[in-house]
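*Asks:* Sequence:
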Amino acid sequence: MKNQYKILGMTCSGCQNLVQQRLNDLDGVEAVVSLEKGLVDIETSKEYALEDFQNQLDSLGHYEIVPLGSDKKIKAPSLAESESGTYVCPMFCEGDDQTYDEQGRCPVCHMFLVPVETIDRQTHRPMGHEPSIKHDASHAGKFYCPMHCEGDKVYDEFGSCPVCGMNLEKIPDMTLQVEYVCPMHPEVVQDHPGSCPICGMDLVAKHIEETSDPVYHALQRKFWISVGCTVPVFLLAMGDMLPGAPVSRLIPVHTNGWMQLMFTLPIVCYTCWMFFERAWISFKTWRLNMFSLIGLGAGAAFVYSVIVLLFPNVLGHGNGSMQHVPLYFESVCVILTLVLLGQLMEAKAHAKTSSAIKELIRLAPAEAILIEGSEQRKIPVSDIKVGNLLQVRPGDKIPIDGEIIEGTSSVDESMITGEPIHVEKTIGDNVIGGTINGNHSFQMKASHVGNSTVLSQIIQLVNEASRSQAPIQKLTDKVSRIFVPIVIAIAIGTLLIWSMIGAEPDYAFAFNNMLAVLIVACPCALGLATPMSVMVAVGKGAKTGILFKNASTFELLKKVDTLIVDKTGTVTEGKPKVSAVKSTAPQQFTTDDILQIAASVNKVSSHPLAQAIVNHAQEKSLSLLDVTAFENLTGKGVSGKIFHMHVLLGTRKLMEENEVNLSDAAQERLIELQEQGNSISLLAIDGEVAGIVAISDEIKASSKEAIARIQEQGIDIQMFTGDNENTAKIVAKQAGIASFKANMLPADKLNELKKLQNQGHVVAMAGDGINDAPALTQADVGIAMGTGSDIAIHSAEVTLVKGDLKGVTKAIALSHKMISNVKQNLAFAFLYNVIGIPIAAGLLFMPFGILMSPMLAAAAMSLSSVSVILNSLRLNAASLD
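Residues in the sequence shown are numbered consecutively from 1, following my numbering.
There may be inaccurate statements among the hints.
[Unchecked claim] In silico DSSO-like pairs for lysine-lysine, Cα to Cα no more than 30 Å straight-line:
#	residue 1	residue 2
1	Lys755	Lys558
2	Lys802	Lys577
3	Lys575	Lys549
4	Lys802	Lys704
5	Lys46	Lys6
Just so you know, the hints here were simulated from the structure itself, not pulled from any lab data.
Generate coordinates for the entire structure from the input sequences, incorporating the hints supplied.
*Replies:* Right under this line is the structure:
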């Protein structure tokens with residue numbers, strides 16, 4: 001059954017997608033919404049009344065569905081009075097922090113404002129509803145606005161959002177791209193396995209490297225063009241400050257001005273034209289920001305300079321001579337190039353956003369071994385179907401999620417659990433794609449493929465978490481909302497007043513003063529205030545082993561009130577070590593004997609616990625004995641013969657199955673060591689327990705002190721781990737952490753972190769494993785241990801090179817000092833404006849005959865910039881301890 005209806009209340013493609021998604025949520029409904037026509041085509045397999053469709057839209061608050069031909073018009077929604085008395089745009093066009101005291105329409109997208117308590121700040125959607133904005137694999141390589149001003153609309157090319165003016169971001173490809181090449185003839189490339197037509201060798205699977213980021217390289221090219229044009233303009237304008245005024249002696253003044261204009265045009269009209277576009281959008285929507293100031297000041301300086309270059313007499317600069325005509329081309333070039341440098345740094349940070357996803361994708365193997373009857377052949381992982389039988393060889397990555405049907409092995413699942421200890425697998429156990437097989441082969445049956453695998457879900461979690469974070473509103477932009485209107489008002493007032501009372505010619509004099517106000521307000525120092533502090537702070541952090549990915553991290557880190565820490569590799573070393581060796585038969589075996597025998601029977605095993613025992617024996621210079629009849633007992637331990645002795649090493653369950661009894665003294669030692677958080681291996685010789693080997697993952701020496709210092713700053717610390725409850729409890733107690741959660745998968749960490757954010761907490765997450773990547777990305781500030789996985793590092797905003805929690809305290813201290821430094825810089829920048837603008841407006845002309853001369857304006861701008869630079873450099877001497 002097909003019907004067509006009118007939809008009232010849609011104003012943008014975001015509305016279109018919200019309505020279409022909500023209608024399609026009904027069982028048996030396929031709806032296609034047209035924004036341009038304001039219509040919806042609905043095809044149903046069940047009977048639905050118009051009221052059913054309206055009920056579905058009511059949760060959105062301000063859309064109506066009516067029959068064709070109806071002359072009804074949308075009215076403002078009759079929502080209940082907001083409990084908090086504040087309202088917000090449901091599309092969050094102006095960020096999370098922009099609220100309104102009265103209900104009306106959003107000044108950007110014109111949607112009706114809704115009470116703040118009806119919107120989930122984390123998902124940007126009505127309470128209780130999942131976000132409808134999704135970018136699937138079909139959108140990979142395209143660009144979207146990170147503020148979702150137009151819903152899930154995507155663009156084919158990089159540019160600025162037409163609504164908010166922000167840089168569009170690229171949607172990463174979340175699928176593994178593989179090609180097959182000949183190792184002897186690299187020119188032979190194809191998209192499927194096979195043999196080389198030249199030499200007959202099997203083709204080797206190879207990951208297709210993604211092309212370099214076009215956004216970053218486009219801005220990089222523009223930046224170097226800007227630098228190439230700015231340097232000569234600066235030398236032409238300021239060269240006469242050198243002894244002997246060399247520029248004027250070589251180049252006539254009028255020619256000098258035209259040369260400056262020639263070099264300035266590429267910057268204004270090409271490399272930095274986007275800043276003027278953003279300024280225009282900000283004024284059009286009255287959403288004033290840093291670009292408003294840049295466009296206003298640089299535009300005024302450029303227009304003024306062009307006018308006086310072409311017509312010196314028009315603005316009252318003498319008899320047409322260029323000798324004393326002030327030009328501001330060098331200020332325009334320097335300001336715009338500095339701003340472009342900031343954009344380039346930001347683009348580089350955004351280019352790294354998808355790095356974690358790329359690293360996760362590379363965890364999946366390129367191909368698998370398919371079993372077909374008695375034959376085996378290699379196939380791309382993308383060709384695996386549910387139910388396929390696969391062979392997994394020792395050391396291979398497991399190709400897909402499935403179930404073991406033949407064989408046993410130990411599997412490294414640290415990418416999921418974060419724990420370094422291998423997990424023993426046998427027939428009937430599930431295995432996860434991307435994890436690493438141990439030293440035995442097995443056969444498995446594929447159970448999940450495509451987007452339903454655990455690895456794909458982790459990739460999706462990381463991708464969604466990275467897109468859920470709206471860019472932080474910069475302090476400069478907040479100040480600009482007040483400063484820009486004031487400057488405009490003063491400039492217009494200057495023009496009007498001096499037009500009536502100024503000297504002859506009245507209009508030229510007034511216009512000259514108005515432009516002087518706009519030029520002196522040009523935010524040269526303001527443009528340097530934040531990037532200079534960021535640049536120095538980033539360098540300071542790097543010297544102390546703290547790497548910051550972007551500038552906004554400093555502001556967020558200063559606000560953090562909750563820190564989540566992973567256990568293994570973050571609080572602890574992440575390397576199992578022998579913590580104790582006990583002999584339960586000291587008359588027969590010393591502790592060295594116990595360690596020597598345990599290491600000998602373990603020397604052919606690749607299990608991490610076995611390696612820890614072998615390494616400890618080697619550290620003590622104990623020779624390893626020959627072992628015969630070795631047997632690996634999956635999930636329990638190992639057995640073998642050394643000389644005349646029959647040796648068992650493993651769990652208590654292994655002892656019970658072999659009828660090996662523990663003495664009371666052995667049981668007491670066993671319980672004591674377990675209570676200290678150790679993993680226990682029992683050593684039985686000829687049917688009697690002879691010793692106990694305890695293995696632990698020790699707490700880092702600096703963890704306890706660092707945790708105490710962080711707690712002293714009023715930050716709540718919680719530990720999330722994939723390890724068991726008992727071990728987590730002991731480690732948390734030793735580290736001084738009151739709250740912990742154990743047995744957590746990547747999605748569990750992510751969901752718990754979201755709960756904290758929904759409660760209003762600003763959360764930082766410190767971790768080192770692949771399993772921490774989604775939570776690190778979702779956190780307000782992700783902090784990765786530099787000793788951990790590359791994926792964790794790519795997912796985080798801060799990397800601690802030394803992998804030491806003391807770096808967290810230093811990072812927090814640096815963030816406080818950096819934000820304070822920015823505020824000082826802004827104070828310097830605005831102080832010069834506060835002093836210079838009244839003088840430029842002519843406030844001192846009537847009583848004292850003082851006007852803002854070009855030389856004074858240039859000196860003031862230079863002095864303000866020098867003050868900002870010198871103050872920023874003070875951060876290098878700041879103490880972080």
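*Asks:* Are the hints correct? Go through all of them and say.
*Replies:* Against the structure, the hints come out as follows:
no. : hint            : in the structure
1   : Lys755 - Lys558 : holds (21 Å)
2   : Lys802 - Lys577 : holds (20 Å)
3   : Lys575 - Lys549 : holds (28 Å)
4   : Lys802 - Lys704 : holds (16 Å)
5   : Lys46 - Lys6    : holds (20 Å)
Checked against the numbered hints given earlier, the structure satisfies every one of them.
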